[in-house]
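Protein chains in written order, with full-length UniProt numbering: chain A, 1 to 120; chain B, 1 to 421; chain C, 1 to 493.
Hints in this document: simulated from the structure, not taken from any laboratory.
Please note: incorrect hints may appear among the correct ones.
Result set (BS3-like, lysine-lysine): computed pairs, CA atoms no more than 30 Å apart in a straight line [stated by the list, open to error]:
{"#": "1", "chain 1": "A", "residue 1": "40", "chain 2": "B", "residue 2": "371"}
{"#": "2", "chain 1": "C", "residue 1": "328", "chain 2": "C", "residue 2": "302"}
{"#": "3", "chain 1": "C", "residue 1": "302", "chain 2": "B", "residue 2": "220"}
{"#": "4", "chain 1": "C", "residue 1": "482", "chain 2": "B", "residue 2": "220"}
Letter by letter, the chains look like this.
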Amino acid sequence: MKKQNMVCIACPLGCQIEVEHKQNGEDQYIVTGNKCPRGKDYGIKEMTNPTRVLTSTVKIKNAHLNRLPVRSIGEVPKGLIFKCMDEIDDVEVISPIKVGDIIIKNIMNTGIDIVASRSM
Amino acid sequence: MLNYDIVVIGGGPAGLAAAIEAKNNGVNRILVIERDRELGGILQQCIHNGFGLHIFKEELTGPEYAERFIEELLEMGIEYKLDTMVLDVSSDKVIYAMNTTEGILNIQAKAIVLAMGCRERTRGAINIPGTRPAGIFTAGTAQRFVNMEGYMVGKKVVILGSGDIGLIMARRMTLEGAEVKAVVELMPYSGGLTRNIVQCLDDYNIPLFLSHTITNIKGKSRIEEVTVAKVDENRRPIPGTEKVFDCDTLLLSVGLIPENELSQNAGVQIHPLTGGPIVNESMETSIGGIFACGNVLHVHDLVDWVTEESRRAGKNAARYVKDELVYNGAAIKTETGYGVRYIVPQEVRVENIEDNLQLMMRVSDVYRSAKMVIKLDDEVYKKIKKNHLAPAEMESVNIPVKDLINKDFKTITVALEVEEG
Amino acid sequence: MKVDVAIIGAGVIGTYIARELSRYRLNTVIIEKENDIADGTTKANSAIVHAGYDAKIGSLKAKTNVLGNQLYEELCRELDVPFKRIGSLVVAFSNEEMETLEELLEQGNKNGVPDLKILHKEELREMEPNLSEDVTAALYAPTAGVVGPFELAVALAENAADNGVEILLNSPVTSIDKKDDGYNIIAGTHNIDAKYVINCAGLYADEINNMVNKPYFEIIPNRGQYHLFDKSTGNFVNKIVFQCPTKVGKGVLVLPTVHGNILIGPTAENTEDKEAHETTGEGFAFLREKAEKVVKDFPYYKVITSFSGLRAKTATGDFIIEEVKESKGFINVAAIDSPGLSAAPAIGNMVVDILMETAGGIEENKNFNPKRKAFKPFSELAMEEKKQLIDKDPRYGRIICRCEQITEGEIVDVVNRRAGASTLDAVKRRARAGMGRCQGGFCGPRVMEIIARELNMDIADIVKDRPDAYILTGPTKASKTKIDTLAAATKEE
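Required output: the full structure, derived from the provided sequences and hints.
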């Protein structure tokens, strides 16, 4: 049996949650302290495969700013964040771009797309 | 002289929401004045996610959140001027502004919504001794350089203050290849949201030094090192606890100050603790027809609440223009009790509330297992159990108008009841 | 390069002398080690034009202070430099200090300071309602004033340059050789032959002297720390408020600057280091204690910045203004500590007289123009003037610095003038962008953008002040050596 206390970051409320991992034949996770179902999902994921939304910028040409903000649609595995950043850093786009345009498809084979988070 | 029904000063999240809501409430001649080259305000540099859970039920980045409002404003055909600076506002609602294409503008408004936002406290304001080298930035300035202009501000970073922008920048600088050596916080608790401590510091092994401060800055041209010391309960550095961090950059995230120079010029009364105007239930300042919302009113931690508050300001500005607000002299005062630092609004005219009175407030310390006690005059109206209260996290309480109307209350008091131990 | 006169140091003294010499047909160069005008003692001091009562009777300080003070109005009018004759008070808290006031009054009268008088409590209260109740009397000197010291030096340099003086920045003097017909100076990348050398090198004046002459004075840096407060404090006092002088100096002052901020300072600390520009916790505590003695309930939390400057003192306590006996044509203008700024015009005139006498037969420059190209803050213009200016150049319609309401037009102007600004601090000192309560937080990036555009530079090459005071470390997305702190964290578990 393994217990872990953590702060849920699913939303800005930041609930203090406790995740208990029981192994009686199969893996069982009990989450307490969460105020919503997302807290339960977060707790289990944080113990098994922690993931994060990744936000950054890419180079953009012919725009009024030098950088276009981008985000992942969904979460990428925490351990891959720096590798994803390397890929993001190499991209350069050309204005005009619409919010939601896919900038990198399936980054690092995670199944997650990186999209523009504003029009420019 | 130009004439408008409502002029909104500031095209950030507060101004956008106020203008849209004013238009939704039947006022057509609305003008938004924005000093930057585009709408959206500070949200355009807040490229991280965490915005919109309350308003849109999804988690957006700052630019995405802004774009939704900007699109709506454009679709509604609300007029706006960019790259335009308001230089003065008079108590009779004449706005004196300036830009490159129209020169000097005099605008008469029936109602004004102040939505100028806030600025960051600087090194000077917190009196850190030492040299004055390059490489000391407020976190927001660094954020603009990194996220919008596309320039790095340094490689080895120490951050003073654990406000949200500082925490967000710790992660952002790390992801762009900088080494963030420490986040130093004067108070025994963080000034930012807990989730940001987890995902911006803990995730990247960045140490947070609570009850510490910076006591010296060295470096002739560019900053070379900072001295960090532990502080006692009176926030004075404890000799002998100093450690030196070698760094080329110091980011400051030591608080935000509502930008009320224009409000003060107009003669609007400012509250000493919020740093923003004193307002009533309609977000109206001490000058009738001048409203305030967002960070110019009091510093918020979540943009969703700025939106909510600004919608209220916009709607009531419209009601003011349509002569629907009631002024009969009687007002309930909101008062802070133990553990509550401030409450917005400071005054309540019950007749003008449509459904609920929303009180927004900040507590003065970190409390666990406390009760928030609301009293109407001397009677306890409600006790709300709170597991966790912190100065960094704004609290709000709703009181249905039916509980207030025709009762002739003089005060609404909010205080904390804290269990000992 | 061959010149008639080489002036070493582009502080207020050097630039004043340069401008005065441009009235004559002389080939003059200013040599400055830093990358801007006014980058030493001139940029960090009390910014006061003293009346002249506190210098010892008969001293050079007494003579030049009183004379210099009288010259300020016209000088600042010609050069569009902010100057206000607001008057000063020396306050007394006791009978003993009252005696000091009487002594100062007598000394001032003998020095030729006009209109001095002692005010008693009631008159004083009316003049300065925020003074402490404990103040019993004060010496009032109506001729004292406040000025923008770096604005003055920049204006002098600009006007000198307009009248033909050359300015060499980034040129530290490393050697001076005496020749038959003058001096050879190596300064940075420059090799200069000059008939006459005027040493206005401030803190380094002793080192410059010693390159040619035998050492006969030593400059002792003396640090003064200051707090500058938000403009909303600007009318807390209306006059320069001194406390009674002590052996170590004129004490801590509280004054409204010419721009309407309150300035509190200075400390007086002897130091060995000529670059000891730091502020200290002890200094801050000292200032606060002293200031609160004079002004009760001052909103101390409204401090916007703190800084320190170094005075160039020497043991004798008086200015050194002379041609060195053993070196004809080598003039020392050294140990110009307080009241050096006040005395600057008179010091400069003295130096010009010395030079004229030694050189002999110098003709006037008929083309000399004493007026500077108009320099008035946009915010101070009349409405019609503002409109016309925006019509002519729309960049005056764009505010860049919100706190001080400085337009893009003004920033472009100070970048493109002679002796123009090329660093963030140089713009700040000339146009005041970044001087306000947000200290450049909002306008810094915009100002950098404008400098880069106007001077055709990369924004990453713009510095704060010194050449190696870089602000940006290069574009994002360029780091290929990231420290993967995340991976390390995962491995540890």
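Would you mind confirming whether the straight-line C-alpha gap from residue 482 of chain C to residue 220 of chain B stays at or under 30 Å? Holds - the C-alpha atoms of residue 220 of chain B and residue 482 of chain C are around 28 Å apart, at most 30 Å.
Hint consistency between residue 40 of chain A and residue 371 of chain B [alpha-carbon to alpha-carbon, up to 30 Å]: Judged against 30 Å, a Cα distance of about 26 Å means the pair holds.
Can the restraint linking residue 302 of chain C and residue 220 of chain B be considered satisfied, given a maximum Cα separation of 30 Å? Roughly 26 Å between the alpha carbons, so the hint for residue 302 of chain C and residue 220 of chain B holds.
Within 30 Å, alpha carbon to alpha carbon, are residue 328 of chain C and residue 302 of chain C? Judged against 30 Å, a Cα distance of about 53 Å means the pair is violated.
Violated hints amount to a single one, hint 2; each of the other numbered hints is respected by the structure.
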